[in-house]
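Enquirer: Sequence:
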Amino acid sequence: MKKMHQIIKTKLALIVFLAIAVSCSKEKGENTIEVNKGIKLALTEAQFGGDNISVAKASAKAGATEPLTITKEIQSGPFSITAELTENTPSNSGLKASTGKKAATKLLSLRGPVTYRVVAYETDGTYIDQSVGDASDSTQVFFGDKLIAGNKYTFVIYSLGSTTTAPPAAPTTNLYTAGQVNFAFANYTENGADFMYAIEKDVTILGNNTPTPLTTPLQHMFTRVTLLVDNSDATGTFGTANYVKGGYLSEVPVQAEWVSPFANPTVDLSTGETLSATNAINVPPVSNLNATARTFIVNQSQSTNFSIALTIPSGQIKIGHDVNAQAVNFNFSNAGLGLKPGFSYTMKLRFNSDRFVNASNVTRSATAADARYAVIAGYRWDRYNLGVVDVNPATNNPDAVPSVQALYGNYYQWGRQAAVANAYSGDGAIAGWNTTPAPDGSWNNGTAAAPVKATLDPCGTGDRVPSQAEYTRLGTYTRHTSIGNWTTFTGNITVGLSDFTAAHIMTSKKSSDIKLSFPANGHRNPTTGAQLIRQSSAIYWLNTAVGGNNYALQGRGFQSSWDTSNYLKNAGYPVRCIQDK
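In this note's numbering, the protein residues as written are 28 to 608.
No wet-lab data here; the hints were simulated from the structure. Some hints could be false.
Computed list of lysine-lysine pairs in DSS-like fashion (alpha-carbon distance at most 27 Å, straight line) [as the list claims (entries may be wrong)]:
(1) 67 / 228
(2) 173 / 228
(3) 536 / 99
(4) 179 / 345
(5) 67 / 179
(6) 536 / 608
(7) 345 / 608
(8) 64 / 228
(9) 99 / 345
(10) 345 / 480
(11) 367 / 99
(12) 64 / 173
(13) 345 / 173
(14) 64 / 179
(15) 228 / 179
What follows is a set of in silico ranges between Cβ atoms, one per label pair, in the way DEER data are often shown [claimed, not checked]:
(16) 588 / 554: 25 to 33 Å
(17) 291 / 588: 54 to 62 Å
(18) 195 / 352: 41 to 49 Å
Backbone N, C-alpha and C fix where the C-beta goes; we use that ideal spot for every residue, glycine too.
Please work from the sequences and hints to get the whole structure.
Expert: This is the structure:
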């Protein structure tokens, strides 16, 4: 019996042990932490857009919109300088932050491997950890040993757009009570000051060794301004609402200056809002401003009366003989709906000095009595052929359509000061025609590149015969059309003598209201002085001889084309003078 009792006692002990073991095993299984692989960011490409403010198109169907454009024009000496600020339209509308787990549309790739910082918090804002990522590496996983599967967390992601330097660290404090970061920018270009931000709340961490995806797009919290010089041609029809004046590139480097506020902000990481900002004292100037676009990030601190100015000092813009005499200051404010947070803008500057002027270079209207010259690409061309008697645009329109005999002026042999014929000399031979060519250099004491008026130059005081380079420049910056009755330029001396209506028209590509009309004078025979092929060519003497022979250079205009060539010095051609300054 004693042995049986021991056996029963042993069995009971074994049963109790097994029961305890099973119970412990079960309890252990119920409390096992499921394996967590951390979080994995699928950053979508950050885009600017803000509220996408727009204005209605003037002549379009209802509901059509176009980006907001603000244009300001300032006169500086001879220059009309325009700044056009245009809101850039986003390529898609996927801009608003979302806590939903939508699939990423595109990895962040604004400027290559953009660095970002991701910070993990408990849902009450308690700090957990932070790390730095590279937007070009979609395989990075963070916080694998810090998070518990099934629990919820809050994550803040931010970047300054730099591909080389990580954004500053977040404080190791509670997100909602002391989660502030100060950003001190080394410069205000897109790579280093473009503050992008996203927050994802109540993210449930996945288990089964699966990374938890974060897909909220980073949002631009500041304003991006792309600055460039627009040297495009004029568009639209002058005098109508669709007309936009064109612009030139400066022939000397332009240094512009941003006027504060560019600022270093302190940001609340729980909202992305700027709490305070310190204005920069010395914002680096924009050196060599030209057609190459440069991008700047402006932190307006969510101010409702924010404005920023761009200044171009005097003497910075040069086109031909024209230089801006005064400093130019453009100011844009968000009160005018420009420069809003999260928006991207393009600011185009246009430099243009095309105009009509008098002999003292004072701007005049086209029909003013003393509007003797037209300025195109910085050079002042006489609106009349040399020898025209009535040079008053109010009584003898230099751009009359069709042209008239009173605009044809004189004929000159190259290198000689006195006229040899005029529009009223008749078309026959001229007795005593000089067949001896003038010596090289008779109209130019300088070089082809730097001409100097010679004693025998027939143009008046302050004017001279133009060079080949000056005529070529004029031809390059103008559109070429014609008016009146033209005949084909074939060398046939018996055609093109019926009237005086034909002219070659050079209209500025940059300002379509500024033009020069060159009557199709033809020429006088180099041997007899007889009139040849009027109505088939607008050919004018230039100030340079070919050299070593009896030929000199010419500027030639036809019905729709132009070029430079040369011909015998003894021939008679018209002259169109240019101001020698």
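Enquirer: Against which earlier hints does the structure fall short, listed by number upward?
Expert: The structure conflicts with hints 4, 13, although it agrees with all the remaining ones.
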